[in-house]
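Got chain Z sorted already, so can you dock chain U onto it with the hints?
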Amino acid sequence: MITSTIPATMLRQLGDLARDRIGLKPELSAPRIESLFGQTPEHARFAWVSALAAARAGDPVWNAFVEALLIHETYFFRHPSQIRFLAEEVLPGMLAELILSGRRRLRIWCAGCASGEEVYTVALVLESAISRTAYPSLSSWDAVVIGTDLSEQVLELAVEGCYPMSAGLNSFRDIPDFARHHFVPVLDGGETMWRASARLKQNIRFLRQNLVTDPAPMQDLDLILCRNTLIYFEEPKSNLVLRRMKDALRPSGVLMLGPADVLNDTAGFSTVCGDRLAFWRKLPGDAA
Amino acid sequence: MAAAEGVTKEIGEVITRAANNDFTARVDLAKTEGFLKDIGLAVNRLLEISNETLKDFRNKATQTALSVDEASTAVGQISDGARLQTKQLSQVSTALTESASAIKIVATNASSAREKAESAAKSVGQGQLAVSQLEPIVEAISQNSRKINQITQVISQIANRTHILSLNAAIEAARAGEHGKGFVVVAQEVGKLAESSAQNAKQITDIVEQASTDANQGKVATRTVSDAMQAIAAGTKETTEMVRSIAVAMEEQQATISQIEGNVGQLKGIAMTNSSSSEEIAATMVQLSKVSGEMRTRLAEFRTS
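Listed in order, the protein sequences are those of chains Z and U. Under our numbering, residues 133 to 420 are what the first sequence spells out, in order. Under our numbering, residues 1034 to 1338 are what the second sequence spells out, in order.
Next comes chain Z alone, as it looks inside the complex:
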């Protein structure tokens, strides 16, 4: 009789590995690890566990494991009230300050961007906010939105910027009409996909990054979005990531967390909106 459920010691071993290397809470990874164990052919299960235990980050077996653990839930204009506040309050204020300072340079980082919908959303509201300033053309700004994620697979989708409008909870479920026009239909093997326009893509970059082990992709950032990513992280790891984010922000830069994300160490931050929408502004004096 070969066991189909993973022995508790092995489950703990793999859960701890995932926590140490990529920050995930073991109790959230457990169901996925159990199901992966069950899917592995019976004769290869224990070999699989020992291969993972011995694997280094970047080994194919480890990468496949990581890909299987990650949850890539995202869609355009997710948490609309937050996005509205970003589009109508945060960005216009920031753009006005930048115009006054004479330096029309803007760096935005979406950490844990999955298949890129949030990055395109930010690019959309940014373009819209810029169009309402004294320098309404995007070309008169040096703006970059960079999306990072640990998963190679979803980053490929993000770079492609091509999304199906399939039945159910698709990426466009909450997108407003003005944003819809930035997507053009393309036929992909019988299915219609909606591709982000080249103009929308021109200020967007994607990069693979492990939030736990890698440094921030840029310094002196104006805005960091990290929503519904750290809810999967164990607290010491999320605290570490948040500290690194604070360091990467420029003075008065803004950190935008998800509605359920908790900023434990609020030192050096002020709330932007009575913290109701999880926007935090780095204090000007707290130089990185």
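Treat the hints loosely; a few may be bogus.
[To be verified] Listed next, the in silico DSS-like pairs over lysine-lysine satisfying Cα-Cα at most 27 Å (straight line): (1) K1120(U) x K157(Z); (2) K1323(U) x K157(Z); (3) K1323(U) x K369(Z).
Since the hints were derived computationally from the structure, they do not count as laboratory data.
Structure of chain U alone, referenced to chain Z:
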């Protein structure tokens, strides 16, 4: 003055206790008067309101924590269900692929059966043609037999007459005496010839009669073959029709299966997004559960009445 000092001290103690999270102490107003009484009243009101508010907060925090835990369990179950759904839809999808390939095999077989049935129908047609050519041949044989019979009858008659002539010649030769002696031999020979001619003619008649009977039987047999061929032709036509309708049905089946495959693929997509949404909600609930737990702990630090 001493009383005032005592009261002030008491007010201070009550405030200190409140600062240490104890909201149960109150200033004894009976001992106070004047502005110290006003202060005592105000402190007691503040403590009363704080006490009630904290109690209310604690109740609500407990409620929230319970609800969050319950929702957390429910979402966990939904998440498990969604994962199971995805897995089972994958199995359905595999089963569909298998039946699609089985149907493909049946369709291929049906189309090769159709080809065979069509070639059988062609052979039957050729057979029918051959049989129909056979009939006039048999008929001709029958007619020729009749003609031969007529001729042999004539030959028979000739042989008869020749026989009589030979007898007459023998008589005449006998009458001629010594000179007719040689002619008697000739007459006898002619008679023998006539007899053998008659016998041969009878044999021919018998043979031809047999041939005629055979030809008649051949005619009957040909008709039987022709009828059988017709029946085969009808059967083959029916088989061809049936095989063709099987082929058509299989093609329809294939189309249906591929449509179902498409639907299942769509369902799989829905189940997968459901699964990732519910897992994200589950993670959110875990987070909220932690936050509400912390809130309860913080509120439990206060002593209320």
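TODO: Given the hint that K1323(U) pairs with K369(Z), test it: the Cα-Cα distance must not exceed 27 Å.
DONE: holds (16 Å)
Task: 27 Å Cα cutoff - pair K1120(U), K157(Z) - done: Between K1120(U) and K157(Z) the Cα gap is close to 24 Å, so the pair holds against 27 Å.
Task: Proposed proximity, K157(Z) with K1323(U) (alpha carbon, max 27 Å) - done: At roughly 13 Å apart (the allowed maximum being 27 Å), K157(Z) and K1323(U) satisfy the hint.
Hint compliance for this structure: every hint is met.
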